[in-house]
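> Given chain A's structure and the hints, the job is docking chain B onto it.
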Amino acid sequence: MLLTSEIFTAPAASIRADGAHLFWSGNPPKSLADSLAEFGQTAPVLVCETEDGPSLVAGHSRLALLAAAGQPVLARLVEAEDDADKGRLYLADNGHRVMDDSMRLAALEYFAPLLDRAELESDILPRLGVRPTSKDAGFLLAWLDLEPEWRALLAAGNVPLAAAGPLARMTAEDRNAARPLFAALSWSRSNGVNVLTWLFETARMSASPVAEVMDRAGMNAALGQGLSPKDAIARLTACARQVRHPELGRLQARYAEAAAEITAGTRWRMAQPDNFETGSSELSVQVKTPEQLSRAARELTELAESPAWGKLWDLGSGNE
Amino acid sequence: MSKRLPSHLRRIGRVFVDRSMLDSPMARRVRDRLAGTDQADIPWTVVEPDQDRVEFTDGDAQALYLKEYKGKFLRFCPGTRAYHCCGYRIIHIGENCPMACSYCILQAYFQDRVLKIWANQDALFTELGNAFGADRNTRYRVGTGEFTDSLALEHLTGYSRDLIGFLENYDNVVLELKSKVVDLTWMNATTRTDRVLPAWSLNAPFINEHEEFRVSTLRERLEAARTCAQAGFRVCLHFDPIIHYPGWKEGYGEIIDLIFDYVTPDQVAYMSLGSFRCMPQLTPIIERNFPDTTYIYNEFVPGLDGKARLLRPLRVEQFTFMVDRLRKHGMDEQLYFCMESSEVWNQVFGFAPKDIGGLGNRLMDRAFGEK
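Protein chains in written order, with this note's numbering: chain A, 1 to 320; chain B, 1001 to 1371.
Chain A with its partners taken away, still in its complex shape:
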């Protein structure tokens, strides 16, 4: 592939702009429109010769804005040997853009049929600002094998890139069952990955489909309750955690109940520090004055007498 020294002016309408390599084309940014209005075209678009005339290789926004303004286009001729070269040139010309995960995935989707997996890793990922050995590299490549509906959810910002990990391990049927969780809710990385991982692992452990696990966890019912997005995600996450860790959830609930009873009306807080490996409790209090310290000491003496402690000592022993 060569960037030639041939630069020419052509009517915008004479340049075809329908190549698949224009994978980030979209609405031109206002800043570019303002720049063109103030200074005119500062850099030529890239085109290659085809039997049907010049075809755009890079510069879609410039071409669209100049076409709308009825202005001719300054173009530089390139000799692209194949579609992969066109894609590389497009990336080079758009290297200044701030990329998000959906843009990276769109680029990989373009290159995937043209290059083998090793070339995608060694050649394309670095052009997208991704180290081939990084976790994100693995996630991006995993996304290539997921259904278009899921990729649309990534583009919409509803599902995090890292969700490719658990999604790739699910069957298509299980992914299909989980998709409604992401249709209208935008999930953080940790919540999204956790919920999908918990669903996958519970389904594997119980040898049942994800749809059944979701139903058992009450997630389908939670989706239909009309909760705010924040509350819905909190509820769904809690449901998935509970179905994945039912016994731990039971212990935590019993602990929280007893701890609330013990510390009621005091400034003390209680926590179980080691996932019930021992019967330990941690008590903490914040004080800022000698009076608060005295009061906390009195409260501690009083709460030590609470009968609710009896519910805690054996919690996790299997003998409670």
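Derived by calculation from the structure, the hints in this document are not laboratory data. It should be emphasised that the depicted structure is a prediction, and the values quoted were computed from it without experimental measurement. Check the hints yourself; a few may be wrong.
As the list claims (entries may be wrong) - One side only, chain A facing chain B, incomplete, derived with CB under 8 Å:
#1 M205
#2 D274
#3 N275
Built from N, CA and C at the ideal position, the CB exists for glycine as well.
Frame of chain A; chain B shown alone:
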């Protein structure tokens, strides 16, 4: 017609040998024992002194590496302070295992297919002699089954037989040979049946069938235990890892009952019970190597030592069931937990290690036949 090696050794497709070990007794023995088998022609590669490491990749083939080991041969078990360790000492004879068990920590320790054997046995025996001979009143309970299976390579190396012969002169040492295969060729190397403890790992039949590959069957292991017991040895049996899977009660009940068709409680020196636990980095390795394995998705939480452990009430439930069943068969003081907390000891046994003078002392006494 050439003989075949035992099934767990048939993947060995190459032998590496350090230049300095090329004429060692171990190298000669391995060469002799391969001769006449259908693996007689596998290539040998000499590892030069300046070579950092051996790399071997050939499908699912394995390599045997006869190495001059420069480290310590006698070690402490890598237990943690958060849980009670049995305190046995490790005689380090090699690393890695030719069998494939989904739960095995060696997958994380040694992420290759190279089975290492420390071929400089003279150095090993010198170190052991210095340690064991320094004070003949100091007792040692030692084993070789920590970083490898004690008997998996015995057919080729005769290592345990050599070790038993060496320890014949050390009345203060009891050697445990822990394995999942049956190789009893070492038996006639000793007159001290009271100083060698042949040991086999046991598990529920479902786990044996679905999670342990290229190993002897449970009945074969128990038959071997019976053979040893009839010859005057006391045996050890180990339930580790105990795995919480659907149907575990029936499975562990069945194997516990089966044990006593082969041996009696008085023929068992001791028996450990240990719940599956692992470093967090082992889980993705299991997922990759054993995609059908599902027990890893049970309720595991970070333990006091940072390893993933089954939630305590689930462990206690399993332990209680198994201990009750074992006690009905007459087992009592033989039983102990591998790497468990005082809480679990108390909940299941009704006492903690400190109440019996310490776990290490209890097992030392039992190993030497004093209790």
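> The structure should be examined with respect to each hint, and the outcome stated for every one.
Against the structure, the hints come out as follows:
1. M205: holds (4 Å)
2. D274: holds (6 Å)
3. N275: holds (4 Å)
This entry satisfies every hint, going by the numbered hints stated previously.
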